[in-house]
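Q: Sequence:
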Amino acid sequence: MADMHRLHIFCMSSSIASTATMKLGGSPPNDGLAPARSSPTELRPRTKIQREEEILGRHCLPQHWRAPNLSSPFGRLRRIVFDLLCIISFGHSGLEPIWAAIKLEEEGDESVWSGGIDQICDRLNNILLVGSLLLATAATFITTTPPRQSIVNYTLRGPYICMLGSFGLLIGGIIVASFCVLVSTKAKPYWSEQVLYADRFHVYCTLLTLSYPFLSIGGAALLLAFGMQIRLV
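Everything in the sequence shown is counted per the UniProt record's numbering, starting at 1 for the first residue and increasing by one.
Keep in mind that the hints are not guaranteed to be accurate.
Said to hold, decoys possible - Computed Cβ-Cβ distance ranges for the label pairs, DEER-style:
| # | residue 1 | residue 2 | range |
| --- | --- | --- | --- |
| 1 | Gly172 | Val195 | 33 to 39 Å |
| 2 | Leu133 | Glu107 | 40 to 46 Å |
| 3 | Gly172 | Ser71 | 24 to 30 Å |
| 4 | Val183 | Ser132 | 32 to 38 Å |
| 5 | Gln119 | Glu53 | 33 to 39 Å |
| 6 | Glu54 | Gly168 | 43 to 49 Å |
| 7 | Lys186 | His59 | 46 to 52 Å |
| 8 | Leu208 | Asn125 | 37 to 43 Å |
| 9 | Gly75 | Tyr160 | 21 to 27 Å |
Hints were generated in silico from the structure; no laboratory data involved. No experiment lies behind these values; they were computed from the predicted model shown. Here a beta-carbon is modelled for each residue, glycine too, at the ideal position from N, C-alpha and C.
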C-alpha cells in the first residue's frame, strides 16, 4: 500500500509539472510515446545540388552517357570534344545533371527538369536574336554597294565570298536553333532518355544538334568581320 501511495504521488507531481511547463510557454517532456520533433536542419528544404547528388547515388549513370575513357584510343581528344559539346549545349561538362533531372522527374520532382529546359530555351533564344541581327547585316552588305570604296570595298571577290559564307551559316544556325527550341519545349524526360540519349550515337547527335547554332553563328560572325576588315584578292 505504501508503494502504491508513493507511485500515485509521483504521477500527480509529474502531471502538475507538465501543466506548469505548458502554461509558461514550454513544451511537454517527451515520454517516449510522442514523436520527436525534427531538427531545423531536417526541416530545411534541400538545394538542387543536394537532390542531384542524392539521386545520382541511387541511380548510376549509364555507360553510354559517361565521358570517354582516357585510356581508350584518342581518349584525351574524345574527352575534350565530349566535354566541350556538353558545355556548349548545357553550360556544364558531363551529362550527370541531365540524368539526375530525368530520375527526379520520375519520382515526382519536375522542378529540376523544367528549370533546365527553361535555361536551354533562353540560351537558344538569345542565339536566335543575335543570329537574326547578323543575318540582316550580312544581307545588307551582300545586296548593296559600299558608299566609299576607298575605305572598304566588300564587293571584292574575297570579302564577298566571306559574306556569302556567313549568310549561309547564319541561315543554317537559325533554322537549327528554332528546331531545338521546338523540340526542347515538347520533350518529356522519359522520351528524352529513350530517344535522344538511347545510345552513344544518339548522345553525340543530340549534343551536336544543340551545339550547332552556337558554332554556326559564331563562325558566321567571324567570317563577316573578316570580310569587312581585310581585302582578299
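Q: Which hint numbers doesn't this structure obey?
A: Violated hints: 1, 3, 4, 5, 7, 8, 9; rest satisfied.
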